[in-house]
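J.: Here is how the chains run, residue by residue.
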Amino acid sequence: EDQVTQSPEALRLQEGESSSLNCSYTVSGLRGLFWYRQDPGKGPEFLFTLYSAGEEKEKERLKATLTKKESFLHITAPKPEDSATYLCAVQGTGGFKTIFGAGTRLFVKA
Amino acid sequence: NAGVMQNPRHLVRRRGQEARLRCSPMKGHSHVYWYRQLPEEGLKFMVYLQKENIIDESGMPKERFSAEFPKEGPSILRIQQVVRGDSAAYFCASSPPTGNEQFFGPGTRLTVL
Numbered sequence: 001e002d003q004v005t006q007s008p009e010a011l012r013l014q015e016g017e018s019s020s021l022n023c024s025y026t027v028s029g030l031r032g033l034f035w036y037r038q039d040p041g042k043g044p045e046f047l048f049t050l051y052s053a054g055e056e057k058e059k060e061r062l063k064a065t066l067t068k069k070e071s072f073l074h075i076t077a078p079k080p081e082d083s084a085t086y087l088c089a090v091q092g093t094g095g096f097k098t099i100f101g102a103g104t105r106l107f108v109k110a
Numbered sequence: 111n112a113g114v115m116q117n118p119r120h121l122v123r124r125r126g127q128e129a130r131l132r133c134s135p136m137k138g139h140s141h142v143y144w145y146r147q148l149p150e151e152g153l154k155f156m157v158y159l160q161k162e163n164i165i166d167e168s169g170m171p172k173e174r175f176s177a178e179f180p181k182e183g184p185s186i187l188r189i190q191q192v193v194r195g196d197s198a199a200y201f202c203a204s205s206p207p208t209g210n211e212q213f214f215g216p217g218t219r220l221t222v223l
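Taken in sequence, the protein lines are chains A and B.
Following our numbering, the numbering of the first sequence begins with 1 at its first residue and continues without gaps.
Following our numbering, the numbering of the second sequence begins with 111 at its first residue and continues without gaps.
Because the hints were derived from the structure by calculation, they are not lab data.
There's no promise every hint is true.
Claimed, not checked - Below are the DSBU-like pairs computed for lysine-lysine, each with C-alpha atoms no more than 30 Å apart in a straight line:
#, chain 1, residue 1, chain 2, residue 2
1, B, Lys181, B, Lys137
2, B, Lys181, A, Lys97
3, A, Lys97, B, Lys172
4, A, Lys42, A, Lys79
5, B, Lys154, A, Lys57
6, B, Lys181, B, Lys154
7, A, Lys42, B, Lys181
8, A, Lys97, A, Lys59
9, A, Lys63, A, Lys109
10, A, Lys59, B, Lys154
11, A, Lys79, A, Lys69
12, A, Lys59, B, Lys137
13, B, Lys161, A, Lys42
14, B, Lys154, A, Lys69
15, A, Lys63, A, Lys79
16, A, Lys97, A, Lys63
17, B, Lys181, B, Lys161
18, B, Lys161, A, Lys97
19, A, Lys68, B, Lys154
20, A, Lys59, A, Lys42
21, B, Lys154, A, Lys63
22, A, Lys42, B, Lys154
23, A, Lys59, A, Lys109
24, A, Lys69, A, Lys59
25, A, Lys42, B, Lys137
26, A, Lys97, B, Lys154
27, B, Lys154, B, Lys172
28, B, Lys172, A, Lys42
Unchecked claim - Quick partial rundown of chain A residues pointing at chain B, CB under 10 Å, derived from the structure:
#, residue
29, Gln38
30, Lys42
31, Glu45
32, Phe46
33, Thr49
34, Ala89
35, Ile99
36, Phe100
By construction, the Cβ of each residue, glycine as well, lies at the ideal position given by its N, Cα and C atoms.
Produce the entire structure from the sequences given, and follow the hints as far as they go.
T.: Below, the structure written as structure tokens:
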């Protein structure tokens, strides 16, 4: 069964303190791995799609990487406005069901 | 360039009533997903639709829940005879004909009294 596990559940950083969020996944054939940001009371905001091991994508202070078993979301020199829940999701080639992880709640203190 | 629209944003129903949630996809998008998010829980896939066609409903409860995406108009998620356990945020997302990215709406928060 397809599965996504994110760690840590919560992460507290000082402004400027770089770190990484982990997403471990199990899927029978990867159609795509997705990263989203979700602010309280709002819908998830699309960040990245990764399709194959070795792929990397960047956007501002965020960089996503992918291996055959996990993905990392690296946050470089975070700012308080980066505080949010970051969600990882996978879609397998067996269908269109998208499996989301429980998310990592990131708190960045000024 | 409007994003995904959902209405109503908040919906209150009494047990046994029907709830209808609407989703208008982004312009040019022909695919819609519906998800449910319970408090302090992750997003759970419910159903994936194209215009006039249900592609994958493997996450949809077998009873009381149905979804449609007609040729004209928004996608509708319908919950019959609501129970307190149906209280949750319901999100829809749309994706283009090519590409896997899903763009989410702001959600409908359903409260069942």
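J.: Hints first: check each against the structure and report whether it holds.
T.: So, going through the hints one by one against the coordinates:
1. Lys181/B with Lys137/B: 14 Å, holds
2. Lys181/B with Lys97/A: The given pair, whose Cα atoms are some 23 Å apart, holds under the 30 Å limit.
3. Lys97/A with Lys172/B: Answer holds: Lys97/A to Lys172/B is near 16 Å, not above 30 Å.
4. Lys42/A with Lys79/A: Between Lys42/A and Lys79/A the Cα gap is close to 20 Å, so the pair holds against 30 Å.
5. Lys154/B with Lys57/A: 26 Å, holds
6. Lys181/B with Lys154/B: 26 Å, holds
7. Lys42/A with Lys181/B: Distance ~28 Å between Lys42/A and Lys181/B Cα, so the pair holds.
8. Lys97/A with Lys59/A: 26 Å, holds
9. Lys63/A with Lys109/A: At roughly 20 Å apart (the allowed maximum being 30 Å), Lys109/A and Lys63/A satisfy the hint.
10. Lys59/A with Lys154/B: 27 Å, holds
11. Lys79/A with Lys69/A: 29 Å, holds
12. Lys59/A with Lys137/B: 24 Å, holds
13. Lys161/B with Lys42/A: Holds. Lys161/B to Lys42/A sits at ~26 Å (cutoff 30 Å).
14. Lys154/B with Lys69/A: Answer holds: Lys154/B to Lys69/A is near 21 Å, not above 30 Å.
15. Lys63/A with Lys79/A: Distance of about 15 Å is within 30 Å: holds.
16. Lys97/A with Lys63/A: 25 Å, holds
17. Lys181/B with Lys161/B: With a Cα-Cα distance of about 6 Å, the restraint between Lys181/B and Lys161/B holds, given a limit of 30 Å.
18. Lys161/B with Lys97/A: Between Lys161/B and Lys97/A the Cα gap is close to 17 Å, so the pair holds against 30 Å.
19. Lys68/A with Lys154/B: Holds: Lys68/A and Lys154/B sit about 23 Å apart, inside 30 Å.
20. Lys59/A with Lys42/A: 21 Å, holds
21. Lys154/B with Lys63/A: 26 Å, holds
22. Lys42/A with Lys154/B: Cα-Cα ~16 Å, so holds.
23. Lys59/A with Lys109/A: The given pair, whose Cα atoms are some 21 Å apart, holds under the 30 Å limit.
24. Lys69/A with Lys59/A: 22 Å, holds
25. Lys42/A with Lys137/B: Between Lys42/A and Lys137/B the Cα gap is close to 20 Å, so the pair holds against 30 Å.
26. Lys97/A with Lys154/B: 9 Å, holds
27. Lys154/B with Lys172/B: OK: Lys154/B and Lys172/B at ~15 Å, within 30 Å.
28. Lys172/B with Lys42/A: 28 Å, holds
29. Gln38: Holds - the Cβ of Gln38/A comes within 10 Å of chain B, reaching about 9 Å at its closest.
30. Lys42: Since chain B brings a Cβ to about 6 Å from Lys42/A, closer than 10 Å, the hint holds.
31. Glu45: 7 Å, holds
32. Phe46: 6 Å, holds
33. Thr49: 6 Å, holds
34. Ala89: 8 Å, holds
35. Ile99: 7 Å, holds
36. Phe100: 4 Å, holds
Comparing the model with each earlier hint shows no violations; every hint is respected.
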